Amino acid sequence: MIVDGISKVGAYALFASDCVRSAVTHGVPWDRVMDESYKVGIRSFPVLFTMALFVGSNLAIQGYAAFSTLGAGNLVGMFVALAGVREVCPLLAATMVAAKAGTEMAAQLAVMRTKEQIDAIEVMAIDPRSELVAPSILAVMLTLPALTVFTIFVSLVASLAVAVLQLGVDTGEYLSFLVGYLTAYDLFAATLKSVFFGVIIATVSGYFGFFSERGARGVGQATNRAVVTMCIVIITLNFALTSILYG
Amino acid sequence: MADLSAARPIDAIPDGEPLISFRDVKKSFGDKHILKGISLDFPRGRTTVVIGPSGTGKSVCMKLIVGLLIPEEGDVWVAGTNVPDAPERDLMRIRKRIGMMFQDGALFDSMTVGDNIAFPLRRHTKLSPGEIADKVAESLEQVGLPGIEDRAPSALSGGMRKRVSLARAIITEPDIVMFDEPNSGLDPLTSDEIDGLISRMKEELGITFVVISHDIVGTFAVADKIAMLYNGRLVADGTPDEILRSDEPVLRRFLARNMDLPPLPGVSS
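First to last, the protein sequences are chains A and B.
So in our numbering, spot 86 of the first sequence is number 86, and the numbers just go up one at a time.
So in our numbering, spot 69 of the second sequence is number 316, and the numbers just go up one at a time.
Among the chain A residues that face chain B by a calculated CB cut under 7 Å, a handful are: (1) Glu116; (2) Gln117; (3) Asp119; (4) Ala120; (5) Val123; (6) Met124; (7) Ala125; (8) Ile126.
Calculated lysine-lysine pairs in the DSSO-like style (CA-CA distance at most 30 Å, straight line): (9) B:Lys449 x A:Lys115; (10) A:Lys8 x B:Lys273; (11) B:Lys310 x B:Lys382; (12) B:Lys310 x A:Lys8.
Here are a few chain B residues that sit away from chain A, every Cβ distance over 10 Å (derived from the structure): (13) Gly263; (14) Glu264; (15) Arg270; (16) Ser286; (17) Pro376; (18) Ala384; (19) Asp397; (20) Ala402; (21) Leu433; (22) Thr437; (23) Glu450; (24) Val464; (25) Asn478; (26) Asp494; (27) Pro496.
Don't read these hints as lab results, they were simulated from the structure.
All values derive from a computational prediction rather than experimental measurement.
All C-beta atoms, glycine included, are put in the ideal place defined by N, C-alpha and C.
So here's chain B without its partners, still in its complex pose (with noise of 0.2 Å):
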């Protein structure tokens, strides 16, 4: 097994082998056990997708990753840190690699379209407003967006507004982005859009792709890799052919409600 701790850059990992791993984590809030112990890495240049029921922790991990929480026990390693033990600086500097599409946007209200993506450029670079406007532009035209820089978020549609958010989340070009919930509360057309467009990003860019997911033919649209939690713990880990063989029964039953696949005998649905 490769070494987690050896710190390097992003870069010097070979394709396919662990970026994020996951390690004995246990996440609890009060009494209620969320993570009860998971171990599970994501490869670099490959998509990842978590699968799971709602509540199992699926947007922990993600949050796990960018140090918004922090495990009461394991390590959340991000190329060779330790995020619940990485200093401010570390933390900081982890952040700027990776990029987020949040399950609503996550879009400040009080700016325009164009000001959102903007925004992490204008803290972190000294690009020129010129500079800034044209990258905005490219950003939305990735997703399918052109010309919408001088709209309000509050104009926006659903799909819309999780276009802008990854517009927002790719315009830093990050090693890694994550997407919370890129299906929830569209239209089946529209996740369909949402669909192609994260997999015309990972042919274009080639980073890797962290998503979580309730919705299983989105699963298998994009995803190199699969990992399903139950329970507080991983029942599923592997490509999307061995997920499809695999009989472990909670799985199956999960697959089964949206992709006509028989549970197995004795697996109440």
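For reference, chain A alone in the conformation it holds in the complex (with noise of 0.2 Å):
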């Protein structure tokens, strides 16, 4: 089990590796980067601005929940400029994405590969890495770092409007405790996560999708697989990378 579980994470590194040097030697088709940052970004943003008006209200009534014991409930920009900003909004808006463009993106190739699709690309003498997934790849790139920037946006103007509105902090000092406590730093490593978050996205969902099994089963397991790998993988770099920036 240790010996298969180290040569799949071995196939998925050389797999990942394959997706760049083919996209560095054959180019990567910009038509498909738009088409893909468009599925991406816009088509992700109803599902994240619901989650993140509803984790942003959610973290603004814990927050002044806890530090209201302590008699310090204004403190609650604090709690959502160092929870929110820093941890909850990069793992929220690369779990959805996750969730919904991944999936996408594995099911789509474990389709094609059912089809002949990704036979077909491949003898026409394209090479399916360059053409299918590094588009992907670069995609969730670019578009991931936005969309937690939004998600971040989104959480801050809600958790300030149920402090306001609903729990009655004073809008002067949630905004002092968050602007004080909220660096440049901490948006440059919130968007610097989701960048690993975005190639860890496209290359797991990439590579299930592409070695799937022919069939209806043969999908069914690739999404299955991919989502749950991206989600466990997702929780441990944002670990490391928040052991890396803030430890």
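Reassemble the complex: the two chains are provided individually, in unrelated frames, and hints are given to aid placement.
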């Protein structure tokens, strides 16, 4: 089992490096990068907006509940800055994109494998890694940071609204603690994390879709394995990145 | 015997001489031995049909020619290049000279018919959009489906999907066109149309065709040469006349089911 796991990690690493090598050697079709960016970015907007709205609201409620027992409910702005911007929002954006765009990529590649479309691309002397996977890697790397910033913005606005309108925190105090603790480095770190998460989402979903077994069962397995692996790797990588960036 | 390892342009190979050659090719999947040492030539400018029951490795042969699969043993020569050993650049060069019609078309669902056919030109040439559109229209005309550029692949019948796949295969003017089960899943009338199309293409293009089929009527309609695979081995190889006169029991049984030929005495059907 351990040997099998190591060999799969090796196969994934080889696939990811092949995608990069192929993209460098054969070039990347930019029309597909644009298509994928649209799919990942624009189509993820509504779901991310909804999630960010309520996660931001909950952060305000939980932060206020925790700090008000110490008589410092106005520190909620600091709590949102530390927990929301540094940790929750990058993870939220990444897991949502993994669940929505990542699974779609894995399923689409698996169906293409089943219907011999990947074989057709190879027979046309086109490397399917540079044609199908490399554009997704670039698209997610480009759009996920933007989606992360969007998630941060929406959750901050939502937490401010809940803190002021529902919990009675003073707007000026909320903003002063938020601005006092939120630095440019936090935004840089969140964006940097999202770039790494983007690479993971595109390569993991690409790997499971590209090497899926043929048939309906293969498509289902590829999608399922992709989303589970993406979530585990993203959470683990987030710990590593937080340790490096803030440790 | 010709020196198979002498790499040369396809144009330099005389008509009727081997363009593709299998030598002692063995291929397995796990413990299932699909090809057990096949040696077979596909002459230039001819239509070679590989027949045999399902699961005998016909499609595997096709994938070996384009390097989608690698044999455990043996050589697959295409115009003097041994595909299993070929570096990526040579493999890509060979693939650019090959077009393939897939069993179910293998058309990209996310693109229109026109975009599907234009796809290899957009990736491999610097033709203008207008020139590409002209070639797409010409290619569709050749397969008898003019004016369907804007349709979605999902709106096409099985026969039309195969024709569009053929239009995509020939748009780059390849030297070899391969057909994977061109008649499978089609009604007899549409099968006849596809056979007629293959024969007409052969006359118009004068290139090398490789056809994988288990449709006997269609095979004799298009073949210059027929090879039969059975149980991982080549059991018959010759012109249609030679195949009809063959007394190979398995071949007789295979043909008898489709062509009213009497099976040999003692051979159960």
